[in-house]
Structures are given as C-alpha cells and as structure tokens.
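Peer 1: Build the complex from these two chains, which are given one at a time in their own frames, with help from the hints.
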Amino acid sequence: MTNYLNFFKAYPIYIVGALLTIFPVLLMWRKRAYRQKPFFFLFVFLCYKLVNDLVMIHFASFQINNLFLNNLNMLVRYVLFSCMYYHLYSSAAYRRLLLRVSILFSLLAVAEIYVSLGSLSTSRDNTEVQFTSTLECVLMICWILLYYYEVMRTLRITNLLASPPFLISAGLLMFYAVYAFVAPVMKYVNRWEPALDIGFMHFMPVVFEVGCILIILFSFVNYPRDPNGSGR
Amino acid sequence: MEAADSEEIRNAMMMGMLAMTIMAVFVILFVINYQKRQIAQQKHLRDLENRHQKLLLDTALHTEEAERRRIAQDLHDDIGTMLSLTKFSLSQVVPAADAAARTEDAPLENARKLLDETIAQVRRITSELVPASLERFGLVAAVEEFIHKIRDNSRLDVRFECNLNHPPRLAGKTELSLYRIVQELVNNAIKHSACDRLIVRLHYTTGSLQLTVTDNGRGFDENGVRELPAAGHGLRNIESRASIIDGVVTYRTAPGEGCEAKVRVRV
Numbered sequence: 005m006t007n008y009l010n011f012f013k014a015y016p017i018y019i020v021g022a023l024l025t026i027f028p029v030l031l032m033w034r035k036r037a038y039r040q041k042p043f044f045f046l047f048v049f050l051c052y053k054l055v056n057d058l059v060m061i062h063f064a065s066f067q068i069n070n071l072f073l074n075n076l077n078m079l080v081r082y083v084l085f086s087c088m089y090y091h092l093y094s095s096a097a098y099r100r101l102l103l104r105v106s107i108l109f110s111l112l113a114v115a116e117i118y119v120s121l122g123s124l125s126t127s128r129d130n131t132e133v134q135f136t137s138t139l140e141c142v143l144m145i146c147w148i149l150l151y152y153y154e155v156m157r158t159l160r161i162t163n164l165l166a167s168p169p170f171l172i173s174a175g176l177l178m179f180y181a182v183y184a185f186v187a188p189v190m191k192y193v194n195r196w197e198p199a200l201d202i203g204f205m206h207f208m209p210v211v212f213e214v215g216c217i218l219i220i221l222f223s224f225v226n227y228p229r230d231p232n233g234s235g236r
Numbered sequence: 006m007e008a009a010d011s012e013e014i015r016n017a018m019m020m021g022m023l024a025m026t027i028m029a030v031f032v033i034l035f036v037i038n039y040q041k042r043q044i045a046q047q048k049h050l051r052d053l054e055n056r057h058q059k060l061l062l063d064t065a066l067h068t069e070e071a072e073r074r075r076i077a078q079d080l081h082d083d084i085g086t087m088l089s090l091t092k093f094s095l096s097q098v099v100p101a102a103d104a105a106a107r108t109e110d111a112p113l114e115n116a117r118k119l120l121d122e123t124i125a126q127v128r129r130i131t132s133e134l135v136p137a138s139l140e141r142f143g144l145v146a147a148v149e150e151f152i153h154k155i156r157d158n159s160r161l162d163v164r165f166e167c168n169l170n171h172p173p174r175l176a177g178k179t180e181l182s183l184y185r186i187v188q189e190l191v192n193n194a195i196k197h198s199a200c201d202r203l204i205v206r207l208h209y210t211t212g213s214l215q216l217t218v219t220d221n222g223r224g225f226d227e228n229g230v231r232e233l234p235a236a237g238h239g240l241r242n243i244e245s246r247a248s249i250i251d252g253v254v255t256y257r258t259a260p261g262e263g264c265e266a267k268v269r270v271r272v
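If you read the sequences in order, they're chains A and B.
So the mapping is simple: my numbering equals the position in the first sequence, first residue as 1, plus 4.
So the mapping is simple: my numbering equals the position in the second sequence, first residue as 1, plus 5.
Bound conformation, chain B alone (with noise of 0.2 Å):
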C-alpha cells in the first residue's frame, strides 16, 4: 500500500513538473515565434515605406524633369523664334538707316548686339535645361559637353576620363540621373570649393558603373555640412537622385584635403 502511494505521489509529481516545463517552453516559442513575427511585419512596412518614398521621389524628379523640358521647349519654340524674327525685323531696318546708324555706338547696332547676346543666352539656357547630346549620344558624350562648357567659361582645369571608348547606353532615367548628379558635384565644387582642378571620371564595369569627381579644394566635414539646412541640400539632392536608380554616394574629404565624390550604379 505505501509503495503504491509512493508510485503514485511519484507518477503525480512526474506529470506536474512536464506540465510545468511543456508550459515554459511554449512560453519560449511564443515569445521567439510573436517577436520574429513581429520583426518580419515591421520590415515589410519598412519596405513599403521606402518603396513608396521612393515612388513619391521618382514622380517629383520626373514632375521636375518635365517641367525642365517644357520651359526649355517654350523658351525654344516661342522666346527663341520671336528674338530671331525681332533679329530679322531689326537687320531689314538697319540697311535702310543712314551710314550713322550703322557705327559701332550706333543705338540700333547696340540693340542688335544685344539681342544677339539674348539669343546665345537662351540657347545656352535651353541646353542646359534638356541636355540635347545626353538623349542623342549618352551620357558620356553629355558629360564631355557639359565639361567642355566649364573649361570655356571658366580657368578651371577640368579633365574628363572615361574607361570605354565605346560606352554602352544605359536606361534613359540612369543617364539622366547621372548627368544631373555630376552637373550637382561639379556646380557644388566650383562654387563652394575653391579649387582649381577637377577631373570627372567614368568607370564602366560589368554590371555596374562609377563616377567619380575629385576636385583639390578646400574640402568639406560632410557631417557638418549635413546639419545646415541651406548646404546640405545639394547633398540630399545628390542622395536622392542617386537612390532613384539605386546609387550609393560616398564621399572622402576633410577640410582642406580636396573631395572625391564617388557614385555606384548597378547597370
């Protein structure tokens, strides 16, 4: 009889405590099972949430793009054509006024500079607005152009590399997107570095692509820089139009060392 109360008691006692842990355990599993789902849920609203702000960021920059296309159109088709037939109205005046007016100091001569100037200037506008030789030949012509324009207008001594001779097309919004990003870089370098060399470098790999722009300026504390609202938003800007086309932007500067500002693109 006591040892079949023993056995009993035992048996008892043997059933609650695997009660007890098979009720830890679960406890256990749920917390690791709850926790895992729930970090899955918030990483997909995370995704959403950069998928939509990307979205939202793609529409803006094509909103702007477009825009950008439509002025130039505009300042083409109607400023440009009315400044040319003002042009043309102006030289059929001229030849009919007498040897004074045609001088160099002559009111009409002056007018007529001046509307050539105009002309230039708008010309010069609505390329730079909707780059024509990005569309027509690629970016790495567009870039070479763009370049060519600074070393014009400016003493800089600004080089173009390219590691292709015969580079291939890529997606309409990649090439545009990094046409801007180096007007942006070499714009913020001549404006805020004080330098006076710059080389734009265009390195194609399989699979991907770099652009580098190095400039022996002044150099910057990129944290720093990031804080002020006004500066860092050539930053953000750069940032933006890079992660549209899944770029990453790294810079390596300090203050005065010079910058080097690298974008890679998955292509």
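Isolated chain A, as found in the complex (with noise of 0.2 Å):
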C-alpha cells in the first residue's frame, strides 16, 4: 500500500489518467454504444488501457519493468483504432488502403517489440520502441485527416460537434499531434550524456492522453441510448 502511495505521491497523473478511462467505458456500456461497430473497438480499446494502465501502475509501484506492456500498448491501440476508422469510412479504397498499410506496421511493430525485449535487462537501453511509435502517430494522423477529408466530401455529418466520431477524432488528432513531436525527442532525451532532465515535459503526452479520454467522455454524453440512433 506504502508502495502505491508513493507512486501516486510522485506520478498523480498516471493514476488520474488511469482511473478516468473507467467514466468512458461505463458510460458507454450504460448507452450501449458499444452495439455499433467504430465504437465496439473504441470500447475494448478504453477497456484494454484501463487494465493496462493498473497494472503497469502496479509494476511501477513495485519498481518492475513495464516497458513491454508500454510496448504493446502501442500496437494494441493502433490495431483497434484502425479497426474504429476501417469501420468509420464508407469509401472501400480508404478502407482497402487502412487496412494494408496496417497489415505492414503490424508486422513492423511486432519486429521492434521483439528486438526490444532484449534490451529490457539493461537498464541504460531499455527505451520504448520509438520508431514504431513515430510511425504509429503519423499513421493514426493520415487516417484521422482522411476520415475528415470524407466527411467533408460527403457531408454526411450535419452537426459535427454532436457527432462522437468527429469529436473523438477531434481528441485522437491532439493526442497524435503532441506525441509525434514527443516520441523521437524522447528518444534523443533518454540517452542524452549527462541524462537531461526534461522535467514536466516528460508527462505531457498523459495530459494529453488525459484530455483525450475527456473528449470521449464528452463525446457520448448526449449519445441516444438507441444504438442506430447515431451514425458514422
């Protein structure tokens, strides 16, 4: 328990971050918004992070190496929020093109998780993998600008800021936005000689992170309880 105190004493936004993905998932389990498919992977996603994140606070608390579930984090979320926007778009090429592209960075981030584990020993090296999560962030951008592009063209979205996906896209967009600039400077800041301290820079991806998880929140409570009630 001292163990967890002390975390919480010295990360609060990791525990914070943590402990509200837990309004978004009962809020869209209470309106069933999971029944529809984009949110169905939106829903595991939300679920998958809230046990993830408590365990890697609970190895982290215990001074245990959590950097492989931070790893497959990565892969895991950018596999179901692909999944969200193959459901999203209606145009069968962007869909054809998410999913080969996803195909090959799945393949891509299974390789540097595996290469990583070998450095999870030392303690110098054991870094997250930050090519594929570079990669990760400009993909998950291309796929968020084009579900945009397709909503402008389509017009299918009277009112974009009642719609969920739209805001959801609107949070994701930030998140990625912040965190593709972030991910190779950590990489250069992790190995910089003498270490540099970075200092509160160091969690800004989980406030953004944080901020997210709001905007989801956000995005569903005005959704119909009725799952056909909202759309793409």
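The reader is advised that the hints may include incorrect statements.
Per label pair, the in silico range of CB-to-CB distance [what the hints assert, rightly or not]:
1. B:His57 to A:Asn226: 31 to 41 Å
2. B:His57 to A:Arg157: 24 to 34 Å
3. B:Gln46 to A:Phe12: 51 to 61 Å
4. B:Asp63 to A:Pro228: 39 to 49 Å
5. B:Tyr39 to A:Val48: 27 to 37 Å
6. A:Phe12 to B:Glu12: 26 to 36 Å
Because the hints were derived from the structure by calculation, they are not lab data.
Virtual Cβ for every residue (Gly too), placed ideally from N, Cα, C.
Peer 2: Below, the structure is given as structure tokens:
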C-alpha cells in the first residue's frame, strides 16, 4: 500500500489517467454504444487501457519493468483505432488502404517489440519502441485526416459538434499531433549524456491522453441510448 | 551549463508541442467551418431549387386556369350563343310546321329537346371549368354549390359543414386552389372509394383554415397508391396545389376503413 501511495504522490497524473478511463467505459456501457461497430473497438481499447494502465501502475509501484506492457499498448492501441476507422470510412478504397498499411505496420511493430525485449535487462537502453511509436502517430494522423476529408466531401454529418466520431477524432488528433513530436525527442532525451531533466514535459503525452479521454467522455454524454440512433 | 541545456530543450519541446496542438486545433476548426459553409450552401441551393419548382408549378397551374377560363368563355360566348340562336331559329320553324310536326315523336321536336340538353350541358361544363360563384361569393359558397350539384346528380349522402356563418374571403389563389382540391378529393372518393357517405368540412381558426374530406368507402394504402403512376397522379395533383399555397396534406386511411383527407393552410 505504501508503494502505491508513494507512486501516487510522485506521479499522480498516471493514476488520474488510468482511473479516468472508467467513466467513458461506464458511459459507453450504459448507452450501449459498443453495439455500433466503430465504437465497439473504442470500447475494447478503453477496457484494455484501463486494465493495462492499472497493471503498469502496479509494476511501477513495485519497481518492476513495465516497458513491455507500454510497447504492447502501442500496438494494441493502433490496431483497435485502425479497426474503428476501418468501420468509420464509407469508401472501400480508404478501407483497403488502411487495411494494407496496418498489416505492414503491425508486422513492423511486432518486430520492434521483439527486438526491444532483448534490451529490457539493461537499465540504460530499455527504452520504448520509438520508431514504431512515431510511425503510429504519423499513420493515425493520416487516418484521422482521411476521415475528416471523407466527412467534408460527403457532408454526411450535419452537426459535427454532436457527432461522437468527429469529437473522438479531434481528441485523437490532438494527442497524436503532440505525441508525434514528443516520441522522437524522448528517444534522444533518454540517451543524452549526461542525462537531461526535461521536467514536466515528460508527462505531456499523458496530459494529452487525459484530455483525449475527457473528449471521448464528453462525446458520449448526448449519445442516444438507441444504438442505431447515431451513425458514423 | 547542463541546467541551461535542459532548460533550452524543455522550451523547445514546449514550443514544438504548442505548435503541433495549434495545428491540430486549426485542422479541427477548419473542418467544422468548411462543413458549416458547405451545408449552408447546400441548404441555400435547395431553397432556390424549391422556390424555382414552386414558381414553375404556380405558372403551370396559372396557365391551366387561364386555359380553363378561355375555354369556358369560348363555350359561353361562341358555342352557347350559336346554340341559343339555333334554338331560336328552330322555334321559328316549328310553329310554321304542320300539326304532325309538333307531336312528341316528330324529328323537329326531338331536335329541339336535344338542343335544350346540349345548352344545359354547355352551361354545366362552363360552370365547372370556371366556378362563377367562387369569384363572386367565395370558397364556402362555391363548395356549397359544388356539393349541391353532386347531391342532385348522385345517390350519395353528401354533407357540407363550415364552422363560420360568414367566413372571411381569402386570397384568390388560395380559394381557387382549395376549391380544386375539394373537387379532386370528392371526385376521387366518388370514383374509387365506393362510399355512400361523404362529408366536406371547412374549419376556420385564427390564422389557419382546415379542409377535411371524409368518406366511409374502402380506403386505400397510401404508399401503395403513390407508387402507381396513374393512381398517384391525383394525390400528387392535390399536393402540388396545396404546396402552392403553403398547405400541408395528410391522409388517415387504411384498406377497408374509409379515408379522411386533411389540408391545413395558413391564411
């Protein structure tokens, strides 16, 4: 218990980020939003994120290396969000493109995670999978922009501010835009000689993640209980 | 030195993150703004198209009414006058003929009867083409006259009800459109519903008028009828006329349950 309290005192933002995920999960469950295919993948991701974050906090509290979980989280996050966008697109060409690129990316991510397993024992080099992390951000930004382009072209959503997919995409775009910049910088910050202290900037991706979770929560507040009530 | 490096990197990261956030926000705002403009533009185009359609419809109906008026005038002024003159000439001939010619079966007497019938038919057609009472006395009088004629010429139990004794006069176009709608609805009921009772109601309220035509006939499947090109024509005609005066037509009907057609117009 002392370990958890110490961790909470040192890194409260991680605890907040993990526990905040409960609210969109409960809201989506209550409104049966997961019955719609795109939101089903979001729901699975949120559930996975909640469990993964709690396990990571547990490991971190007891000083156990949790980078493997962090690396795995990147792959699972990408796959589930890709599935969500696959179902959000109405264009078959976009779906095909997303599917092909995602298969290639997943193979690459698995390879990098596998390679990173070897470095987990060394204290200095056990960094995150930075290359695929950056690529994930770039790809996700592309899928989000492609979705926005499709929305603008087809005009199928009349009120964007009341549309959960649009708001979720807005939250994800903000998160990935920041993370795309942070991920490569972190790679060098971690290996800088002597070590660099970037202070609170280290937590900025988590801050944006929390912001994204709040946007997801907000997007489902006015979601109708009828699962067929709101479309893409 | 190390602290300065860290500070510099921290500032650079902050600037970078801020720039990325601003870019993301800009993209989101651009999408919202673009979408809003596109939807407004589409709505504007739809409104223009609707207005144009309405104008075309209005012109078509106006042309139809003008043509009816011209035909009615030609019938009355030319054919009617000619028939009256023929009747007069015939009446000059008949007194001069012998007694045999004045009997019931005589060809001259038959011709005179046929002529009388033709004159009556021409008058009826003229009055149907342009109801004179509509222009002179208004919608209620015209509908009353129309119902009266239906009652005289059929065995239907036709009733007309109006909630006002002295209803206000409406715009000419509104009265004419409503009169034509009544004609179409009543004729449809007589032709297709096999009803034996028909009620036409006009209900005036402040700012609106509701016309209801109810029959106890066989009713119909509204969606099914709309899909039939010939049968749906009558319904479309009624709706077109109603749309010209910003009226709304609704039907409450089902097979075997009669029909109640309502037209609501703002006056």
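Peer 1: Tell me, in ascending order, the numbers of any earlier hints that this structure violates.
Peer 2: Going through the list in order, the structure violates no hint and respects every one.
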